[in-house]
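Q: Kindly produce the complete structure, drawing on both the sequences and the hints.
Okay, so the sequence shown: first residue is 7 according to the numbering used here, each after it adds one.
Simulated from the structure, these hints should not be mistaken for lab results.
Hints are not guaranteed to be accurate.
[To be verified] Just the calculated beta-carbon pair ranges, DEER-fashion:
#, residue 1, residue 2, range
1, Glu448, Gln163, 32 to 40 Å
2, Pro803, Asp212, 14 to 22 Å
3, Pro604, Gly833, 23 to 31 Å
4, Asn564, Gln606, 34 to 42 Å
5, Thr736, Asp146, 50 to 58 Å
6, Pro474, Glu680, 29 to 37 Å
7, Pro803, Gly119, 52 to 60 Å
8, Glu252, Asp512, 18 to 26 Å
9, Lys255, Asp215, 20 to 28 Å
10, Val98, Ala573, 52 to 60 Å
11, Ala573, Gly818, 41 to 49 Å
12, Thr691, Gly55, 50 to 58 Å
13, Leu253, Glu200, 21 to 29 Å
14, Asn143, Glu738, 16 to 24 Å
Keep in mind the model is a prediction, meaning the values are calculated, not measured.
Heads up, the beta-carbon is just placed ideally off N, CA and C, and yes, glycines get one too.
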Amino acid sequence: MYRIILAFLVLLLGGALIIGGGWLGWLGGSWFFVLLGLVVLASALLLLGHRPIALSVFAAAILITLIWSLWEVGADWWALAPRGGLLILLGVLLLLPPLVRDLDHGNARAGYGKHSAILGASVVASLVVGAYALLQNPHDREGRFSNERMNAQPGAQVADDVPDGEWHAYGRTSAGQRYSPLDQITAENVDELEEVWRYQTGEVRDPEDDPVETTYEATPLIVENRLYVCTPFGTVIALDAGSGEELWKFDPQLRKPPRETTQHMSCRGVSYYDGTAASESDTSTAPALDPEERIQQSAESVTSDAAGVPQNVAAGQAQRDEPNPQVAREPAQSPIATLPQCTRRLYYSTPDGRLISLSAETGEICPGFGGEDGTVNLWANMPNITPGSVYSTSPPVVTDRVVIIGGAINDNVSVTSPSGVIRAYDVNTGELVWNFDAGNPESTDPIAEGETYTPNSPNSWSISSYDPDLRMVYLPMGVPSPDQYGANRTENQERFANTVLALDADTGEVAWEFQGVHHDLWDYDMPAQPSLVDLTLNGQRVPALVIPTKQGDIFVLNRETGEPVYAVEERPAPAGAVEGDWTAPTQPASAVSFRPEPLQEKDMWGATLLDQLMCRISFRELNYEGIFTPPSENGTLVYPGNFGTFNWGSLAVDPHRQIAFAMPVYLAFTSQFERRPDAVERVVTGEGEPVINENFGAPYAMKLGAFTSPIGLPCHQPPWGYIAAVDLATGETVYQHVNGTVRDLAPVPLPFEMGVPGIGGPIVTGGGVAFLSGTLDYYVRGYDLATGEERWKSRLPAGGQATPATYRGEDGRQYLVVVAGGHGSTGTAAGDYIIGYALPQ
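A: Pasting the structure below:
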């Protein structure tokens, strides 16, 4: 019976390999699986016929697979294992005594003959090769920065008035470097870090009620031993930075937008403003409201307008012939700088469209910013509004004069989306100072009452940077909806989409723009905060801007002019857009880049030979000519996918050592157009589901998803995530290391280091240490900046998909703080944790 069962399993394997291999070969792929299937099938038939030679034939199958695997992928353990694992397992089962006795007609004294020996030798040979491969690191690039570079002395840099021990903006300063000069924690002692306090916000996403992309992406600010952080639900909290004790909490009484029209519930951080210098000369007074009354008025200023607000019918949420709402701007009130408790204040936006000013001292609303409720209504003059359709997930830029805020527009919902306008408000009154509407770029004067901004203009949803000396703000720009269909885009939509946009911070006028993708059909937004850094190249100071992209390029530009510092060339790109659309003949490519090599059939992966075979078939069925293959009705492989090689976490720049530390990620996605019967019917979603990817008003809806095997594993082989460092003085990648384990991704929590994806960003310090918590396994890690070697890690209670911060406490210790709350779209565990670490006292 044992022989019959094994023979049946081997027979099934051989048949599957022949059928699947034939399909793959017919699609133009490898015929190896047919050959292997024939050998395996022969072994099965010989087993059924009681022939001991079946073992030698199966040994041939193992050896053929071993040779073929080494030819395809070399000594790469994670690529070899699924190719041979199933065969080796069956080979071991064929060597067990029950089968040997059966093949010898039940002889109890039957020994292992030559055929058993041949099979055993093939299994041992495969295991030896596997053991050797397990010791190799074929995907690592070893390197190190010299001691001279690591000991570089601080020099002149972008204007920075942030005290060394504090963290005043998302990227610590408005330059967005994510660099702290603190040096108490070093590569030698980082392994001594220990948790010293833990705080829970009390707010955790509800999978039944909240949008899927409810994400804890916040980076805390630390000012004068106070830590300020926001939650995805608009709550702002102040903690004692040394103990984690709550000082105050502001609840905006958020009116949750409906799931159907909401894609994100996120808050990446708040912005800090110190008005001390301005307030010293101002002795006037302004009325104060009771704290509870302030909060209530702030909520009512939006929710009273939001009740029953319809969306344009092309977005699928309105009754036909219903109008879009008109939301009036609040008149400017008395300057909040006159209130002592509001001299130092915070600005942030809520998911229901409010820009709020709070006292950093008390957490109370500062009346006079926009209105007596301390709120600017971001829906004012906005077309095509419905709750959840426009918001800002990123903290605004605050200068000495204005608060500048962009906004996120829901991807792939409608051709009549709200506007991507960027607005600047007076830092004290909340009065609209200028607006940059990419659909009307020449007119930056405040829009008139009753008028609306250009619908569906390119937006800036990520984090921006500011140079106070040049008085320029630098904004990463996205693409208008639909993201993958661009036939009807206007000249200005084409001009400003996917750019780094430099605006005069005082007027909103365009200084320059640099486009990273032409006619984007892949949702390759400029996703990351630009890092401003002064580089020394050939003995000359170069005012630079460094920005990573989803496609993997890192553009290094002169921030005064937008001209490339390192070469950017236009390379031919694939053609073949759907009917009515077109593709750009060339696309920019940077000399500094982490673009992956184009995928090949041999790169396909799976847990076993069979699901790898299915991934090979899928690869051959999809349209794919490398990066920038246009989306199609047949289905297109998009690599890197719109998750990006880099995303909003950006990279960290050490301005003195001139090192950029990054977390490149490699995941493939698929896209497929679905023809729409009309402008308003649902095509790819059901009633009550979020309307993402419907593209109301366009000819096509869109099916998007990760490129995965039948059992849900990525279809291309690991690694999927790295850490890496670039020498900004030369543009060269010095090292790149596989990063992260599958402990929290696999069905069995095994800590295999395969290199996992992540979202969130790193920071670097004067002590020569980089920190990162964004990987999809639940760890925060510390790395030696000189070599990229992991020196410390600590287990997190939930996903840490945020960027850490570091600061000096009142006790003189350097602290590391991490937000661990999970990320809905990556599936990491939800939580509400803020955790502080320090060296032992």
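Q: All hints, please: hold or fail.
A: Taking the hints in turn, this is what the structure says about them:
1. Glu448 - Gln163: 32 to 40 Å: holds (34 Å)
2. Pro803 - Asp212: 14 to 22 Å: With a Cβ separation near 18 Å, Pro803 and Asp212 satisfy 14 to 22 Å, so the hint holds.
3. Pro604 - Gly833: 23 to 31 Å: holds (28 Å)
4. Asn564 - Gln606: 34 to 42 Å: Cβ of Asn564 to Cβ of Gln606: about 37 Å, so the range 34 to 42 Å holds.
5. Thr736 - Asp146: 50 to 58 Å: Check failed, 20 Å falls outside 50 to 58 Å.
6. Pro474 - Glu680: 29 to 37 Å: The hinted range 29 to 37 Å is violated for Pro474 and Glu680, with Cβ atoms some 48 Å apart.
7. Pro803 - Gly119: 52 to 60 Å: holds (57 Å)
8. Glu252 - Asp512: 18 to 26 Å: With Cβ atoms ~38 Å apart, the hint is violated.
9. Lys255 - Asp215: 20 to 28 Å: Since the Cβ atoms of Lys255 and Asp215 sit about 21 Å apart, the hinted range of 20 to 28 Å holds.
10. Val98 - Ala573: 52 to 60 Å: Check passed, 54 Å falls within 52 to 60 Å.
11. Ala573 - Gly818: 41 to 49 Å: Distance hint for Ala573, Gly818 holds at roughly 46 Å.
12. Thr691 - Gly55: 50 to 58 Å: holds (55 Å)
13. Leu253 - Glu200: 21 to 29 Å: holds (24 Å)
14. Asn143 - Glu738: 16 to 24 Å: holds (20 Å)
The structure fails hints 5, 6 and 8 (numbered hints given earlier, in ascending order).
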